[in-house]
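Peer 1: Please construct the entire structure, taking both the sequences and the accompanying hints into account.
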Amino acid sequence: MTTIQSVAGEIEQHPDVALVERVRAGDISAYDTLVRKYERQIFRIAQHITQNREDAEDVMQDAFLKAYEKLEQFQGNSKFYTWLVRITVNESLMRLRKRRTGKMVSIDEDLETEEGTVPRDLADWAPDPEQNYTQTELGRILEKTIKGLPPGFRVVFELRDVQGLSTEDTAEALGLSVPAVKSRLLRARLQLRERLSRYFRQKKGAKGAASKKSAHTEAGSEQ
Amino acid sequence: MTCTEFLALLDDLIDDTIPAETRAELEQHLHDCDHCEVVFNTTRQTIQIYRSHELFDLPSTLRDRLHAAIMARCKKGC
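Here the protein sequences line up with chains F and W, keeping their order. Residues in the first sequence are numbered consecutively from 1, following the numbering used here. Residues in the second sequence are numbered consecutively from 1001, following the numbering used here.
In case anyone wonders, no lab produced these hints; they're calculated from the structure. Because the structure is a prediction, the values reported are computed rather than measured. Among the hints, a few may not be true.
Stated by the list, open to error - Derived pair list, reagent style DSSO-like, types lysine-lysine, alpha-carbon separation capped at 27 Å:
id, chain 1, residue 1, chain 2, residue 2
1, F, K203, F, K182
2, F, K147, F, K98
3, F, K98, F, K66
4, W, K1076, F, K66
5, W, K1075, F, K66
6, F, K66, F, K144
7, W, K1075, F, K37
8, W, K1076, F, K37
9, F, K144, F, K70
10, F, K70, F, K37
11, F, K203, F, K147
12, F, K98, F, K70
13, F, K70, W, K1076
14, W, K1075, F, K70
Peer 2: Shown next, in the form of structure tokens:
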């Protein structure tokens, strides 16, 4: 997402820095701009972790309020959004801990799952597999599928692949090491792929699965 | 290149962060291995599908309500 990635070189100031400076100088309308810019992403992150709409609403409000209160502590050496995500993750985990008293909830434990390292379902997908479902059905499938992943995987996938943060920014936002982010991203991608294959795989009798030839001519065109 | 070696570099291939010479090796493996080609293509599709169907979107009425609540609380904290 272009709002997060700095397009210019390091010397150029990120537009958020100027907004933060204005808020610090007492201009609350600049904070209104920051909230509007990031509220949808923050809500999604809170949803991914809490898996509960009401909690996500509360977390979103608390995270923006906390960020506002702590703005003096924000160091310009990290991006405002990265800092905000970190607050959101902490607020989300606190909310979960309140709900499940006594049960530890963490984003940084290295979850060992059997799934996600060696692909098993190797059937190719139908062409344009999304076309076989309505938008509502597809939305349900995608939600159900990602909910099956551990929270630490869901958030890494959301930040890296959906919101487009760099690996380094994702690591900073989640308080993880870069190798941990990379490892989770690979496992998240493979687990989602495997789970979506149940819905999208080519039906038997349709044209040959995994037929060689130009299937990967688009390789590398992404991004 | 083995399938395990290919898998270890799958993310870099998807993210296009691979040096040209390694990329050539990976593409050769993709050309020769049906399984890895399926994994590569369907993993890329997985990412594209999630990118183009944003989950948990905020309906505008809820968004406005939450936005107003946040700003009201911030102003109170001034």
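Peer 1: A separate judgement is required for each hint: does it hold in the structure or not?
Peer 2: Cross-check of the supplied hints:
no.	hint	verdict
1	K203/F / K182/F	violated (33 Å)
2	K147/F / K98/F	holds (20 Å)
3	K98/F / K66/F	holds (18 Å)
4	K1076/W / K66/F	holds (13 Å)
5	K1075/W / K66/F	holds (13 Å)
6	K66/F / K144/F	violated (31 Å)
7	K1075/W / K37/F	holds (18 Å)
8	K1076/W / K37/F	holds (21 Å)
9	K144/F / K70/F	violated (35 Å)
10	K70/F / K37/F	holds (19 Å)
11	K203/F / K147/F	holds (25 Å)
12	K98/F / K70/F	holds (23 Å)
13	K70/F / K1076/W	holds (15 Å)
14	K1075/W / K70/F	holds (14 Å)
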